[in-house]
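Here the protein sequences line up with chains D and B, keeping their order.
Be aware that the first sequence starts at 1, since it is given in our numbering, and climbs by one per residue.
Be aware that the second sequence starts at 112, since it is given in our numbering, and climbs by one per residue.
Derived from the structure by calculation, the hints contain no laboratory data.
Cβ atoms here follow ideal geometry from the backbone N, Cα and C, with glycine treated the same way.
Keep in mind that a hint or two might mislead.
Said to hold, decoys possible - Calculated Cβ distances over 10 Å to all of chain B for the following chain D residues:
#1 27
#2 28
#3 43
Said to hold, decoys possible - If you want a taste of the chain D side facing chain B, the calculated C-beta under 7 Å gives, among others:
#4 2
#5 48
#6 51
#7 52
#8 60
#9 94
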Amino acid sequence: KAGVTQTPRYLIKTRGQQVTLSCSPISGHRSVSWYQQTPGQGLQFLFEYFSETQRNKGNFPGRFSGRQFSNSRSEMNVSTLELGDSALYLCASSLDGDGAFFGQGTRLTVV
Amino acid sequence: AQSVSQHNHHVILSEAASLELGCNYSYGGTVNLFWYVQYPGQHLQLLLKYFSGDPLVKGIKGFEAEFIKSKFSFNLRKPSVQWSDTAEYFCAVNILTGGGNKLTFGTGTQLKVEL
Numbered sequence: 001k002a003g004v005t006q007t008p009r010y011l012i013k014t015r016g017q018q019v020t021l022s023c024s025p026i027s028g029h030r031s032v033s034w035y036q037q038t039p040g041q042g043l044q045f046l047f048e049y050f051s052e053t054q055r056n057k058g059n060f061p062g063r064f065s066g067r068q069f070s071n072s073r074s075e076m077n078v079s080t081l082e083l084g085d086s087a088l089y090l091c092a093s094s095l096d097g098d099g100a101f102f103g104q105g106t107r108l109t110v111v
Numbered sequence: 112a113q114s115v116s117q118h119n120h121h122v123i124l125s126e127a128a129s130l131e132l133g134c135n136y137s138y139g140g141t142v143n144l145f146w147y148v149q150y151p152g153q154h155l156q157l158l159l160k161y162f163s164g165d166p167l168v169k170g171i172k173g174f175e176a177e178f179i180k181s182k183f184s185f186n187l188r189k190p191s192v193q194w195s196d197t198a199e200y201f202c203a204v205n206i207l208t209g210g211g212n213k214l215t216f217g218t219g220t221q222l223k224v225e226l
């Protein structure tokens, strides 16, 4: 079975721009979650999608949004990028709460 | 809000030494518990998980963890570490046991195993 695939692996963006990250879950997994990993704050939950609906949300500003498609693929969007948004963004998929399987992540650098 | 504490940020062991990494969480209700490992340059991998039943759970690569409800702890153990166990270890809690994934992670423990 293929694992969780995230694209792109690396991104460099300028402050004020927006960015879209993509995640393809493990086949059959309907839950997709997103996390932000930084040296200072560690791993923080952004949101979770299940069957195309946002089921849970973390404590991030509205500039962070996401969506899930009918094939369970998910995208995450960050608008009006700030320097502090530089991080590794991780996507995880799960059947439903049984343990999340993570992708390699997208390394976003905001300059 | 729930939180997860990992008391050891950096641990250095010699090969064949025993390992115990502490994890405590703050939440009074039912939880699902996880340990993840991140090897250098690799993605987070699930080591083991506890949902219910036997509080001693076994995972991959010889790791095990014990859930002690009264202490809100879920410590990770391995009787004899190998150089290849060098990695960062994360404890995580999901309080949404009725469905849903919202993992709260500890800050991680960097383990270095020396030959």
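Evaluated hints:
1. The beta carbon of residue 27 of chain D is kept farther than 10 Å from every beta carbon of chain B, the shortest such distance being approximately 17 Å.
2. For residue 28 of chain D, the non-interface assignment is confirmed: its Cβ lies about 15 Å from the closest Cβ of chain B, beyond the 10 Å cut-off.
3. Against the 10 Å criterion, residue 43 of chain D falls within the reach of chain B, whose nearest CB is about 4 Å from its own CB.
4. A hinted interface residue such as residue 2 of chain D counts as satisfied when its beta carbon comes closer than 7 Å to some beta carbon of chain B; here the least separation is about 13 Å, so the hint is violated.
5. Interface hint status for residue 48 of chain D: upheld, as the beta-carbon distance to the closest one in chain B is roughly 5 Å, under 7 Å.
6. Among the interface hints, the one on residue 51 of chain D is violated; its C-beta lies about 11 Å from the nearest C-beta in chain B, farther than the 7 Å criterion.
7. Interface restraint check for residue 52 of chain D: the shortest CB-CB distance to chain B comes to about 15 Å, outside 7 Å, so the restraint is violated.
8. Nearest Cβ of chain B to the Cβ of residue 60 of chain D: about 13 Å, over the 7 Å cut. The hint is violated.
9. With its C-beta approaching chain B no nearer than about 5 Å, residue 94 of chain D sits inside the 7 Å limit, and its interface hint holds.
The structure does not agree with the numbered hints 3, 4, 6, 7, 8 stated previously, though it agrees with the rest.
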